[in-house]
Amino acid sequence: MNKSSDPNRLDRVIAEAKRHQEARAHSYREQALKIYPWICAHCGREFTRKNLSQLTVHHKDHDHDNNPADGSNWELLCLYCHDYEHAKYLESGYTEVKAGGKKIAPATSKPFAALKDLLNKE
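In this text, residue positions in the sequence shown follow the working numbering: the first is -7, and each later residue adds one.
These are computed hints drawn from the structure, not numbers from a lab. Treat the hints with care, as some may be off.
[Stated by the list, open to error] The calculated label-pair distances, taken between Cβ atoms and stated as ranges, are:
no.: 1; residue 1: Asp109; residue 2: Ile27; range: 50 to 58 angstroms
no.: 2; residue 1: His54; residue 2: Lys26; range: 17 to 25 angstroms
no.: 3; residue 1: Ile31; residue 2: Asp109; range: 49 to 57 angstroms
no.: 4; residue 1: His12; residue 2: Asn43; range: 25 to 33 angstroms
no.: 5; residue 1: Glu14; residue 2: Leu110; range: 30 to 38 angstroms
Cβ atoms here follow ideal geometry from the backbone N, Cα and C, with glycine treated the same way.
Whenever a hint applies, use it, and build me the whole structure from the sequences.
Structural data, given as C-alpha cells:
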C-alpha cells in the first residue's frame, strides 16, 4: 500500500505529532517548575500542587523549540495571563513565526473561504 492510499495515515501523523509536542512540553514544563516559583509572572497568583495544572510555561519569543536549560526564554503564567499574552501578540500585527531560528512567512491558505457557498448549495 502506498502512502497516498492509506486512509489512516493522516490520523497517525497527527497523533504522533501531538505525542512529540506533549513530550517536549512536559520536559520544559518540568524544568521551568523546578527553576521558577509557582507564581504567575504577570498577575502574581500563587499556585500549589492542587491547582498547578493552571500554571503554564510561556515562551517569551513565541518559539516553542527555543528551550535553553537556564529557562531564559520561559516565564510561568496562569491560563488567563497566557491567553492574554498570546492575544496581545496576535493583535500587535506580528505575522511571522520562528522555526528553528529562521523566520517563516505565515500560511496564506484560506481553506474555509468558500464554506458559506458550499453550505448553501442544494
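Give me the numbers of the hints this structure contradicts, sorted from smallest to largest. none
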